[in-house]
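Add chain H to chain Y, keeping to what the hints say.
Take a look at the letters that make up each chain.
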Amino acid sequence: MTEKTDKSDIIVCRCEDVSLQEIEDLIDQGITDPEELKRFLRIGMGPCQGRTCGKLVTRIIAQKTGRPVNEIKSTTKRPPLVSIRMNELFEDDNE
Amino acid sequence: MNNTFDAIIIGGGIVGTGAGYYLSKKGLNVLLIEKNYLTSGSTGRCITGIRQQFSTPPSIKTAMESVRLFKNMEDEFGFSVEWKDSGYLFLAHTEELASMFKKNIEIQRSVGLDVEFISAEECKKRVPLLDTEALIGGAWCESDGQADPFFVVKGFSSGIVKNHGTIKTRTQVVDIIVEDNKVKGVKTDSGDTYYSRVVINAAGPWAKEVGKMAGVKIDVEPERHEALITEGVEYMGIPMLVDYRPDGGYFVQRVTGQFIGCFTPEKQIPGTSTDSTLEFLKEMSRRMCRLVPALENVSILRQWAGSYCMTPDGNPLVGETEVSGFYVCTGMSGHGFMLGPAITSFLSNYITEGTWPFDLDEILYGRTFGQKESMK
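Chain order of the listed sequences is Y and H.
With this note's numbering applied, the first sequence covers 16 to 110.
With this note's numbering applied, the second sequence covers 11 to 386.
Since the hints were made in silico from the structure, they are not lab data.
Since the model is a prediction, treat every value here as computed from it, not as a measurement.
Hints should not be assumed to be uniformly reliable.
A few chain Y positions that, by computed beta-carbon distances, are all more than 12 Å from chain H [unchecked claim]: (1) I25; (2) I26; (3) G45; (4) T67; (5) T90.
Derived lysine to any residue pairs resembling SDA-like cross-links, with alpha carbons at most 20 Å apart [to be verified]: (6) K172/H - G45/Y; (7) K79/Y - L41/Y; (8) K92/Y - K172/H.
In this text, a Cβ means the ideal position worked out from N, Cα and C, and glycines have one as well.
For reference, chain Y alone in the conformation it holds in the complex:
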């Protein structure tokens, strides 16, 4: 990353197209809870379910607020573990 890289061009969540700038702006507004950042920006709510951006968001919060990483809770993980097509759920029943 060069010094001149615009933070709006750094995409943290590819699924929902959320930039570093957007995350930092909300943290500056006092929203530092990963659960609220997730919901207000939709970070981690796309197809990969936060596999990449989850960790990045934790680090960004830590860097911006000075709080240690181990004090920043990760967001609730919800089933299914991987996305699954509806007809695959039916096929299961036929086996």
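The following block gives chain H in isolation, referenced to the frame of chain Y:
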């Protein structure tokens, strides 16, 4: 720090943030306390639908006012809350249901709502992907819609902060101070005491416990409802489809492309548990694909559960309690997100001016629970 406020609100969902927003807009210095994070209760677990098709004039008029408020939010907040007038189609697979819808449509039209009963062919025309087998017709209202509950709460909560209010999340109210039958303030789990002559119980599924702290009995019971959301696909404008069959359900395509939906469990599951089950995942998929077979190839991303906060008659529970200054605004019975903006704006007016906009007896605290809402 000053520990005295004009109003203290317990709960950070649509009701708490809405009440805080409308009161702070009137110049009141508000404090909102949320035990978890904003939207963590029922609001953030809803399936985003906003409808006006209810069965009594007060509830229809309240919902119509909510739609007006949702439409104005983009201008008011300065960002989109993803309001979309994608409509609600209540499906009738029996003559009995069709005549119930038609009866309600008369009432809805009498207060100015544009709604009609359409044939199965017309349903198919509106929703080409709909399987109309055994369908008689449907109640269609095209000004019903959807919005993003997280964005709406973000708008309300940042409005509170802009209006010089205070929001404390991850903070739990553990006691409510009452003296001479008047509310005086609240105590929190962080050991702080905050004072106000107005305290609003907007705790949704936990409203009963919060009521007890003030010695007030709140007649609400939470019930677990499960939900799921799919990946986003091309937006096809599929409205909220409400299938009243015993193995029915309701789902809508979000304006962002995902399908989101749930069904009412056959047997009520009382309590605030938010466990989700594989049975729901399979069953909901089957039910969705029966109505819209094209969904077979769409993937499910996430499932979760939330609480419907039920009153005995299915109407909200709003107003001042027998403890002076202690208000309740809960019991939304599954309609909190859609009715929240209107009801909290009404309540804010009541707190500051002492009047309701029209006869709202059917939602007021202290009423006798009677007739059930038929458009559940």
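| query | Where does the structure disagree with the numbered hints, that is, which hint numbers, in rising order? | reply | Checked against the structure, the hints that fail are numbers 3, 5 and 8, while the rest are satisfied.
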